[in-house]
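Peer 1: Below are the chains, spelled out letter by letter.
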Amino acid sequence: MKTHQRRLLWIAATLLIVLIWTFYSANGPQTTAVLAGTVRAATLLALGAMCGMIGERSGVVNIGIEGQFLMSAFFAFTVTSITGSLFMGAMAGIATGLTMGWMLAAMAVGLKVDQIIAGTVLNIGALGLTSFFYDRSRSLGVSKYTNIDLGALADLPLVGTVFFSRPPITYLTMALLVIVHIALFRSVWGMRTRAIGEHPGAADTVGIDVLRLRYLNVTLAGGFAGLGGSYLALEAVGTFSRAMSGGRGFLALAVMIFGRRNPFGAYAAALFFGFTTALQNHFQLNSVFDIPPQFVGMLPFVVTIIVVALSGLMGSMRDPAALGQTYEKG
Amino acid sequence: MALKWRHLFALLAVFGLFTATACGSDGGGGVSGGYKIGLVTDTGKVDDKSFNQSAWEGAEKGAADIPASATATYIETEESKDYGNNIQLFLDDGAKIIVTVGFGLGEATIEAAKANPDVMFIGVDQWQNEALPNLAGLMFPEANAGFMAGALAGMLTETNIVGAVLGTDLVPPVVFFKEGWENGARYTNPGVETISTYHPGGLDVAFGDPEWGATTSRQALDQGADVIFGAGGATGNGALIEVAGEAGALCVGVDQDQWFTVPEAHPCLVTSAMKLIDVGVSELIAQAYAGTMEGGNYFGEVGLAPFHDFDGVVTSEMRATLEEVMAGLEDGSINPMP
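Sequence lines, in order, name chains G and R. So the first sequence is numbered by the numbering used here: it starts at 12 and just counts up by one. So the second sequence is numbered by the numbering used here: it starts at 160 and just counts up by one.
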């Protein structure tokens, strides 16, 4: 990151904190409610973005995140309903995500199917299968994951409620953001992963098994989406309903691009999307503006278009060079 | 490429595994033949545990009550542009009665009814400006149901803040529920603060987004609301389940008695603002079969669901007030949407 970019980031962060503090002193409960809503709405997007990011860094586009969410949510729900254990359900969700990731890898890397088509297969398949097999008389049977207070930290004003009184998958997601960031940019695995996404031919010549690593990464990435599915069914909602992912798998891709395919950037973008949702609710709940809810609802998308277009114009955003291309050992 | 074949077989095997492990099927199709009744849903699903499900249960009951052997089948609309096509599918199949569920299908239903005078149409939540002889619009005074639920909430709230998490304001019945709810709460508790939100999306997603419902519900709870009305298919269900996780908070369901359809909400579900859609649909089907159905608007009933586990929470004074409200709404002395 260049110096002036870094400086800009610091200025923005300081401004943000001052702004939040001002609002908090003006109306504590409402500011807390909005920010808590922001963090909550960001979790799923962050998980989806990490799934997309690991794939794209290795050169494989994954537009099947939506399907991975949905299928994992279905199995997380069903397994919890049968066993009565949220943990078993969450594990089943992750396992389903890994399997879906493996299917994408088998199609896109193994069979060299067009990556967009492979992802679409997952989306359509998940929607069809879960819709068909969903049994509406089934219920979760236990109450969903509840908030865990992190000791004294949870008693802090504002940040206590917003960050330290959260349900388990949200904590796990925050930890994973750090882990994935370190792994991607500080480990051998991360360097290899980025190499096969930028120049698979060169990576191959130094002895990296491109296809095998892509296989592994796309499967592994599915696990993140699987955790997202578990989050959706067991932590966010507490039940399953058809097509419940509601396009968030696609939104996660926007978040990933917006966040420049790195975990912290993606989390910032996810928080931003979450914030617009929370703000829109806030405006309506307190009748701040009398404008149609649909109008505020499109805000995140308008801002995304502007930001993506701007970064495109300034040339600061670049896809991995080998993104979307199948690799044929030469 | 032996390797490719191996991948392909493995894929097929996993796909088969998914299909096999997912258990319990419930297809909606019936075998053709006999007297046919078709039901077209809005973009919600027949298992949405409220609106569409209630209409479908009514259609099934209606079919069972007809003396001739009758079959009811449904088509779920995926996108709003398919309304007309889905109705046409039933017409081509020779259906005698077609039920279309939801405000959104209004225009498509009128068009189809004009073009097919021999087929009887029932349009749930579709107001008829001009009466067609073969089309009955099944309407409900949602504002009354909302008012009763709101009146109860106004008495139950301890924080003096009641919230509502709603489908979309693009659908008038949802707006009626909301206005009735807020006015009802103010009727019994003039000092109450009402905070309500509509889903910001369009018709295609507004009733199928439980995650938004839950998040929004939490935001309302964080702002101090302690009774929350969830009205909007799966979106509303998400809101109800979120309230269930908050000790001391109460929630109110919609359309059906959601005690039976959303068991996850048992810890908070004090009642539901019911529209007796199932009863209305099955009655109209019986009339249509007998040839006594009149075109124009047909008004169904609304009411509050039983209090179930919260029977002890609703005091006899509250019940007396509710009786008064109900009587007032009936004789017109209370206007739910002034």
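Among these hints, one or two may not hold up.
As the list claims (entries may be wrong) - Dumping the calculated SDA-like pairs for lysine to any residue here, alpha-carbon to alpha-carbon at most 20 Å:
no. : chain 1 : residue 1 : chain 2 : residue 2
1   : R       : LYS163    : G       : ALA165
2   : R       : LYS220    : R       : ASP206
3   : R       : LYS163    : G       : ILE128
4   : G       : LYS340    : R       : HIS166
Keep in mind that the hints were calculated from the coordinates and are not lab data. Predicted model, so just to flag it, every value in this text is computed and none were measured.
Peer 1: Any hints this thing doesn't respect? Which numbers, in order?
Peer 2: The structure breaks only hint 1.
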